[in-house]
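**Q** So the chains spell out like this:
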Amino acid sequence: MASHYRDATHQYDSNKEGIWLFMTTEILMFGGLFVGYIIFHALYPEMFAEGAKFLDWRLGFINTLVLIFSSLTMALGIYYCQVNQRNKATWALAITILCGAVFMVIKYFEYTHKFHLGIFPGQKLNLEMLKPVHENLGLYFGFYYCMSGLHGIHVLIGMGLITWVMIKNIKGEFNSKYFTPVEGVGIFWHIIDLIWIFLFPLLYLVG
Amino acid sequence: MGQHVTGHVSGKNYINEEPGLLSWFTTLDHKRIAILYFVSVMTFFLIGGIMAILLRLELFAPNTTPNVGQILKNGDVYNQVLTYHGAIMVFMVIIPGIPAILGNFFLPLQLGAKDVAFPRLNLLSWYVFMTGAALAIGTFFSTKIDTGWTFYTPYSIRTGGAVVMMVMAAFIMGMSSILTGLNFIVTVHKLRAPGMSMFRIPLFVWAIYSTAILQVLATPILAITLLLLAMERVFGIGIFDPKLGGDPVLFQHFFWFYSHPAVYIMILPAMGVVSEIITTHAKKTIFGYTAIAFSSIGIALVSFFVWGHHMFVSGQSELAGIVFSFITMLVGVPTAIKMFNWLATLYKGSIQFTAPMLYALGFLFLFAIGGVTGIILAVTAIDVHFHDTYFVVAHFHYVMVGGTLMAIMGGFFHWFPKMFGKMYNELGAQLSWVFIFIGFNVTFFPQFILGAKGMPRRYFDYIPEYEQLNKISTVGSWLITTGFLIGLFTMIQALRNGAKAPDNPWGSKTLEWQTSSPPIMHNFDHEPIVTAGPYEYK
Chain A
84 MASHYRDATH
94 QYDSNKEGIW
104 LFMTTEILMF
114 GGLFVGYIIF
124 HALYPEMFAE
134 GAKFLDWRLG
144 FINTLVLIFS
154 SLTMALGIYY
164 CQVNQRNKAT
174 WALAITILCG
184 AVFMVIKYFE
194 YTHKFHLGIF
204 PGQKLNLEML
214 KPVHENLGLY
224 FGFYYCMSGL
234 HGIHVLIGMG
244 LITWVMIKNI
254 KGEFNSKYFT
264 PVEGVGIFWH
274 IIDLIWIFLF
284 PLLYLVG
Chain B
1223 MGQHVTGHVS
1233 GKNYINEEPG
1243 LLSWFTTLDH
1253 KRIAILYFVS
1263 VMTFFLIGGI
1273 MAILLRLELF
1283 APNTTPNVGQ
1293 ILKNGDVYNQ
1303 VLTYHGAIMV
1313 FMVIIPGIPA
1323 ILGNFFLPLQ
1333 LGAKDVAFPR
1343 LNLLSWYVFM
1353 TGAALAIGTF
1363 FSTKIDTGWT
1373 FYTPYSIRTG
1383 GAVVMMVMAA
1393 FIMGMSSILT
1403 GLNFIVTVHK
1413 LRAPGMSMFR
1423 IPLFVWAIYS
1433 TAILQVLATP
1443 ILAITLLLLA
1453 MERVFGIGIF
1463 DPKLGGDPVL
1473 FQHFFWFYSH
1483 PAVYIMILPA
1493 MGVVSEIITT
1503 HAKKTIFGYT
1513 AIAFSSIGIA
1523 LVSFFVWGHH
1533 MFVSGQSELA
1543 GIVFSFITML
1553 VGVPTAIKMF
1563 NWLATLYKGS
1573 IQFTAPMLYA
1583 LGFLFLFAIG
1593 GVTGIILAVT
1603 AIDVHFHDTY
1613 FVVAHFHYVM
1623 VGGTLMAIMG
1633 GFFHWFPKMF
1643 GKMYNELGAQ
1653 LSWVFIFIGF
1663 NVTFFPQFIL
1673 GAKGMPRRYF
1683 DYIPEYEQLN
1693 KISTVGSWLI
1703 TTGFLIGLFT
1713 MIQALRNGAK
1723 APDNPWGSKT
1733 LEWQTSSPPI
1743 MHNFDHEPIV
1753 TAGPYEYK
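Sequence order for the protein chains is A and B.
The numbering used here puts the first residue of the first sequence at 84, with every later residue one more than the last.
The numbering used here puts the first residue of the second sequence at 1223, with every later residue one more than the last.
One thing to keep in mind: the hints can contain errors.
Said to hold, decoys possible - In silico DSSO-like links for lysine-lysine, alpha-carbon gap of 30 Å or less:
| no. | chain 1 | residue 1 | chain 2 | residue 2 |
| --- | --- | --- | --- | --- |
| 1 | A | LYS207 | A | LYS197 |
| 2 | B | LYS1412 | B | LYS1234 |
| 3 | B | LYS1234 | B | LYS1644 |
| 4 | A | LYS214 | A | LYS190 |
| 5 | B | LYS1366 | A | LYS207 |
| 6 | A | LYS197 | B | LYS1465 |
| 7 | A | LYS251 | B | LYS1412 |
| 8 | B | LYS1722 | B | LYS1234 |
| 9 | B | LYS1644 | B | LYS1506 |
| 10 | B | LYS1295 | B | LYS1722 |
| 11 | A | LYS254 | A | LYS171 |
| 12 | B | LYS1465 | B | LYS1366 |
| 13 | A | LYS99 | A | LYS207 |
| 14 | A | LYS136 | A | LYS99 |
| 15 | A | LYS99 | A | LYS254 |
| 16 | A | LYS207 | B | LYS1465 |
| 17 | A | LYS260 | B | LYS1412 |
| 18 | A | LYS99 | B | LYS1412 |
| 19 | A | LYS136 | A | LYS197 |
| 20 | B | LYS1366 | B | LYS1644 |
| 21 | A | LYS171 | A | LYS260 |
| 22 | A | LYS136 | B | LYS1366 |
| 23 | A | LYS214 | B | LYS1465 |
| 24 | A | LYS136 | A | LYS207 |
Said to hold, decoys possible - Just the calculated beta-carbon pair ranges, DEER-fashion:
| no. | chain 1 | residue 1 | chain 2 | residue 2 | range |
| --- | --- | --- | --- | --- | --- |
| 25 | A | ILE236 | B | GLY1676 | 40 to 50 Å |
| 26 | B | THR1265 | A | PHE144 | 49 to 59 Å |
| 27 | A | MET187 | B | LEU1250 | 29 to 39 Å |
| 28 | B | ILE1597 | A | ILE121 | 26 to 36 Å |
Unchecked claim - Per the computed footprint, the stretches of chain B lying under chain A, defined by three or more beta-carbons under 8 Å from a beta-carbon of chain A, are:
| no. | segment |
| --- | --- |
| 29 | 1335-1344 |
| 30 | 1372-1382 |
| 31 | 1411-1417 |
| 32 | 1442-1454 |
If you are wondering where the hints come from, they were derived from the structure by calculation, not from laboratory data.
No experiment lies behind these values; they were computed from the predicted model shown.
The beta-carbon is built from N, C-alpha and C at its ideal position, and this holds for glycine as well.
Build out the structure end to end from the sequences listed, making use of the hints.
**A** Printed below as a string of structure tokens:
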């Protein structure tokens, strides 16, 4: 415990407040993208409908399920730390990381497939290959790559953080009295999942 | 304030507790981190100041005048100097200035805490800030940018120069700002000494707290805006590019949604400093503690709904213009509440005309002009004429320099004895005030008239009709420079030869004065127990 706190609970409460404040900033940052999306969706609804057709909703749906499942294993990881079941916690965290990896691999195939078809954001969109109906279709893919890309970066960061708390857990640093880092990382992971749950319909199912 | 906490007798303090220069770069102590910020921010202030002097020299006379007419090579160089002056002063001096230096040092002390909530994060914030600052200054040595500090699209997409590097620098410095704000919010919530209720915390803390809320809630929007701008430049994603169906005005909306609250990130801490100085150096209980505290929160809230007043001529709808105009005037209400409370505090107080008090009075005078001209500019019919003229330049310099920088200087002198344990030379400090105060008015008051006569801002040259007032303005910039140099000299002289400062030279009631000067490593020998409000003088 750091010396400027009265006791462990005091420190725990402070850390938790800090984590939630940080998550607020993450949500606000994505909020900017969502506002941009709303504005341009109001301007060109048919552009978003056309763009979504180039996406495979089944892959998006699988990824949604994978992330929701990873949220469960993350929550279990925290729970097992709290009840001193170290091995089970390690397994739960490892599965969570694996889910993150599955998500990123699927994302990788989605991206490379699009690159193959000449689907790039904005002005790089290959108009000759695609012959889009809406003249601004590149803008849709600007949103697609920015929103899913920023989310993907967060998934990678989340996987790194979970690896970090998993190693700490293997070393036996967590117990029923001290589990702040694993809980903090868990909150981060849940928020990232939650953002994807909004991104999936906005990008894949729109129109 | 409540129980007295005696100073330390061992002679150990935060400065000499750990030896060696290296110990400063690994320290987790909030006071030492404040000193790190002090040195770095003042260095950036010097760089930004040199840019300002260059701009004024260029505008000393129309370009056709022999010898003194054209100082800079061409208009491109002028645009670059202008950009660096703005970006450095905003992102690297005024935004971090009071919170990161004085806030870091005095927020925990005034709360009776041993440190901020997350000391490690606090040090990380400084490193993050310095990384961003290094990148920003790095652009100067790669390819210079000329977009102005606002990076308006579509120009910022098309122009040459290291715009991506610069916006990433601002992004990183924004991250530092977020982390500092987050740290302060949790500190205020969780680390108050026993008996320190929310309505016993000093007004400086209230101001830093309101600022921290703004830092945490507004800066993420800047982050995403700058990211999108970088993506726009690198990949041409289209969101701000009309050619691809995007909207350049959306950039302005996003940018000002952060940058208008940022104006209050710059001024609210200054108001906190002024509250401390006025009550202490007039030996009088603050008038309307609750009103001042809540008006800080009020300003913070209203500031989120006024961004459109930067865009009256950018093509937003008339209705939006009217709404933004009205809400902007609302900001005047909590601000005026503060002004009248400070005046009421001074009324029948035992005013001592010390240097900090002079700076605080200078703040009241100059900030009043800056604020009232802000109300003028909020009137859409007038703004259409004044937009992008020197009237606007004069207005925001009255707020940012006349307001914030005056408060920074006042705060430095007010807390100097506590920070360094040395007394400064009163005459030197007062002389610096005289030069800065007079020089400031000489520089910027003529710019109101120039603006009213129609001189546009950000121009490299002007017609002969504007020459006289521009000459006066440039001479004023030399006076300000002299004032800051005298101030710097006074501080250096005090550090070297100043008399030892007593623990509480001003007879203040707030907690930071109840420990030794300079404070010991963990601030207090015993955790203070608070039994009364912060300003119970008479």
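**Q** Each hint: holds or not?
**A** Verification of the hints:
1. A/LYS207 x A/LYS197: holds (12 Å)
2. B/LYS1412 x B/LYS1234: Distance of about 28 Å is within 30 Å: holds.
3. B/LYS1234 x B/LYS1644: The hint holds at about 15 Å.
4. A/LYS214 x A/LYS190: Given that 30 Å is the threshold and the Cα spacing comes to 25 Å, the pair holds.
5. B/LYS1366 x A/LYS207: holds (27 Å)
6. A/LYS197 x B/LYS1465: Given that 30 Å is the threshold and the Cα spacing comes to 23 Å, the pair holds.
7. A/LYS251 x B/LYS1412: Distance ~27 Å between A/LYS251 and B/LYS1412 Cα, so the pair holds.
8. B/LYS1722 x B/LYS1234: holds (14 Å)
9. B/LYS1644 x B/LYS1506: Cα-Cα ~25 Å, so holds.
10. B/LYS1295 x B/LYS1722: violated (50 Å)
11. A/LYS254 x A/LYS171: holds (14 Å)
12. B/LYS1465 x B/LYS1366: holds (26 Å)
13. A/LYS99 x A/LYS207: violated (43 Å)
14. A/LYS136 x A/LYS99: violated (42 Å)
15. A/LYS99 x A/LYS254: Within the cut-off at roughly 23 Å; holds.
16. A/LYS207 x B/LYS1465: It holds: about 13 Å lies between the C-alpha atoms, which stays within 30 Å.
17. A/LYS260 x B/LYS1412: holds (20 Å)
18. A/LYS99 x B/LYS1412: holds (11 Å)
19. A/LYS136 x A/LYS197: holds (12 Å)
20. B/LYS1366 x B/LYS1644: Answer violated: B/LYS1366 to B/LYS1644 is near 42 Å, above 30 Å.
21. A/LYS171 x A/LYS260: Judged against 30 Å, a Cα distance of about 17 Å means the pair holds.
22. A/LYS136 x B/LYS1366: violated (43 Å)
23. A/LYS214 x B/LYS1465: Satisfied, since the Cα-Cα distance of roughly 18 Å is no more than 30 Å.
24. A/LYS136 x A/LYS207: Since the Cα atoms of A/LYS136 and A/LYS207 sit roughly 19 Å apart, the hinted pair holds (cutoff 30 Å).
25. A/ILE236 x B/GLY1676: 40 to 50 Å: Check passed, 48 Å falls within 40 to 50 Å.
26. B/THR1265 x A/PHE144: 49 to 59 Å: holds (54 Å)
27. A/MET187 x B/LEU1250: 29 to 39 Å: holds (35 Å)
28. B/ILE1597 x A/ILE121: 26 to 36 Å: holds (33 Å)
29. 1335-1344: holds (count 7)
30. 1372-1382: Our answer is that it is violated, as 0 residues pass the Cβ test (under 8 Å) against chain A, missing three.
31. 1411-1417: Holds, because 3 residues of the segment 1411-1417 of chain B bring their Cβ atoms closer than 8 Å to Cβ atoms of chain A.
32. 1442-1454: This one holds; 9 residues, not fewer than the three required, reach chain A with a Cβ under 8 Å.
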